[in-house]
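**Student:** One-letter residues, chain by chain:
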Amino acid sequence: MQAYEDGAYEDWNAERAAAIIAAGKDREGPLLPILHGFMAAFGYVPEPAVPMVAEALNLSRAEVHGVVTFYHDFRREPAGRHVVKLCRAESCQAAGCERLADHLEEKLGIGFGETTPDGRVTLEPIYCLGLCALSPAALIDDRVVARLDEKRLDAVLAETLR
Amino acid sequence: MSLHLTIPRDAGALAVGADEVAAALQVAAMARGLELTVTRTGSRGLYWLEPLVEVVTEAGRIGYGPVTPDDAEGLIEALAGDGAHRLRVGRPEDLPFLKRQTRLTMARTGIVDPRSFEDYQAHGGLEGLRKAIEIGPAAIVEAVTQSGLRGRGGAGFPTGIKWKTVADAKADRKYIVCNADEGDSGTFADRMLMEGDPFCLIEGMAIAGIATGATKGFVYIRSEYPHAVAAMEAAMTAARRGGMLGRAVLGSAHAFDMEVRVGAGAYVCGEETSLLQSLEGKRGTVRAKPPLPAHKGLFARPTVINNVLSLATVPIVLARGAAFYRDFGMGRSRGTMPIQLAGNIRYGGLAEVAFGVTLGELVDDIGGGTLSGRPVRAVQVGGPLGAYFPRALFDTPFDYESFAARDGLIGHGGIVVFDDTVDMKRQARFAMEFCSIESCGKCTPCRIGAIRGAETIDKIIAGQDVARNIAVVEDLCQTMKFGSLCALGGFTPYPVLSAIRHFPEDFDVTPHRVAAE
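Quick note, the sequences are listed as chains A and B, same order.
If you're matching positions, the first sequence starts at 1 in our numbering and goes up one per residue.
If you're matching positions, the second sequence starts at 1001 in our numbering and goes up one per residue.
Bear in mind the hints are in silico, worked out from the structure with no lab data behind them.
If you're wondering where the values come from, they're calculated on a predicted model, not measured in any experiment.
It is possible that some hints are incorrect.
[Said to hold, decoys possible] Every beta carbon over 10 Å from chain B, so not counted as near; a handful from chain A, in silico:
| # | residue |
| --- | --- |
| 1 | P33 |
| 2 | A41 |
| 3 | P46 |
| 4 | M52 |
| 5 | S60 |
| 6 | D73 |
| 7 | A94 |
| 8 | D102 |
| 9 | H103 |
| 10 | E105 |
| 11 | K107 |
| 12 | I110 |
| 13 | E114 |
| 14 | T115 |
| 15 | L153 |
[What the hints assert, rightly or not] SDA-like cross-link-like pairs, simulated, lysine to any residue; straight-line CA separation at most 25 Å:
| # | chain 1 | residue 1 | chain 2 | residue 2 |
| --- | --- | --- | --- | --- |
| 16 | B | K1282 | A | A54 |
| 17 | A | K85 | B | A1264 |
| 18 | B | K1296 | A | R27 |
| 19 | A | K25 | B | T1215 |
| 20 | B | K1099 | B | R1346 |
| 21 | B | K1216 | A | D26 |
| 22 | B | K1099 | B | E1073 |
| 23 | B | K1459 | A | G111 |
| 24 | A | K151 | B | L1371 |
| 25 | B | K1481 | B | A1471 |
| 26 | B | K1459 | A | F112 |
| 27 | B | K1282 | A | H72 |
| 28 | A | K25 | B | T1237 |
| 29 | B | K1216 | A | G111 |
| 30 | B | K1459 | B | R1426 |
| 31 | B | K1282 | A | N58 |
| 32 | B | K1481 | B | T1396 |
Heads up, the beta-carbon is just placed ideally off N, CA and C, and yes, glycines get one too.
Whole structure, please, built from the sequences with the hints as guidance.
**Tutor:** See the structure below:
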């Protein structure tokens, strides 16, 4: 559903944003689908899109801002070119994900919630991918990987983060 | 010669290389000049064997697993011959893990092609919906009530009563909302069902629509499940084309159509009123009840909100009758429960069994103990807000009331196994931290209590005033339990208090060195 490949996202452009709003605004409960539309097109919810949505849906800017900031998925600025999400919920904890978390931080030189200075990788926690019988698991860009240990994680990263 | 294989497209199988295995098998077959047909199915839930490749034979399907791309050549060679191979596991149905199960809700998952409406019908699909159309709304509600089906999402509320309330409500529009925001760690049955047997959920929702007079359904799926979203979208399109959804459901006078909506990474949206807020395009904050969603739900209309498994169980209840379903189970927990075995476990996967099996049988016998080979020390049942049980409670029968009697909950049926390396005060801290991250912020006990709880457990971990700080945590838990608006704050005390009660040795961090010296 999400693609973080190089060049997969468009630069902000108001016309494109208006088209996304127009396509979604007549649905029942249109705000989340529209925000997901921005994420898919731009990789984040650009600030200038907020007043446009507010106007189209007859909401205040504050209401739209409140929704954008409530949900973990909606970024307010672009992520790195690749996004590594390691599951840190209980099932993966039981299978050693905290060791993998340390390994990733050391390997990438960043903490969770951060992006490498070259903009290549963003590292984030995720709480459950539903792969709990194959813990530990991660989502690397749009690829799910499980039954991870340091070696397998390194191999997958080498393939994915070229 | 031609071969017919089934390979799962379930996210769990994909995460351990099912696509690569499928590609390698095609290459290997081509190299041998074999004609190869591959059907992509869901998973049977035998995850330690994934990717599980099955060959379709006259004697049924024969499984091989876990298969890696490197095994492809050898496997094709074996399949072209007598089928002998070191990865051969025989008929999956004959494996002890499956043999002990009673698959009702998940009967077709892993068997059928989730994109084929024809295959669904060839495996008994639509029997429930046809019956529902035949007997009409009142009799449907009566059958669901008589079956004893309770909400499989955790709260265990009787499904028939919920439906009756909506059926009796007068309104210009009504809705069926499926809560597919399965966010609990250790649970994956909703995901498996949506990826492996999506028509079953659509059928259950259509029956709910006919029973209550609702013409529109929404499936709210968490964004962490892109494969489930894709499977549901594809199935809905096929169902519409096949006349199962639309203005005349299977040619009847009932209209019903549905839509998939994707969440945005907020755990609290699994709480039914938060989910409704989110569907309406608002912050996913909890609504105070009453009014109940059955009276004033989505867009203030009467709404049935049920979990994936509850809705997906309805077709078999209608097809086989209420009594058939009710005859499984114990006490007030009727029928079967898809239980998910996860964490540090040898045979991780999905075990659908009648209520009443003990926790120990599930973890030790069916699950085979830990994957690490170390002793099982704690199991968390029911997600991040479920209690941690020690071995001493392994005789607890899996049933809503039995778990409640021991200050636990079965929730969505997820069991996460921990070995003896687990530090229970850290797990207690994680529960508080998780609650603080995911709190919607509407009520004070949850929003502030969780942060204060994590801070106080930090003090315990640091060995600071331990006894007094444990008392503070216990007090906070009482406030959260009785003062929170919803289950997020209200249930966080379960993992915290159970860790303190059952594993006190982990909290005893008073330095002993002084006494020893």
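**Student:** Hint compliance check: list the failing hint numbers for this structure, sorted ascending.
**Tutor:** Numbers 1, 6, 7, 22, 29 - these are the hints that the structure violates, sorted from lowest upward.
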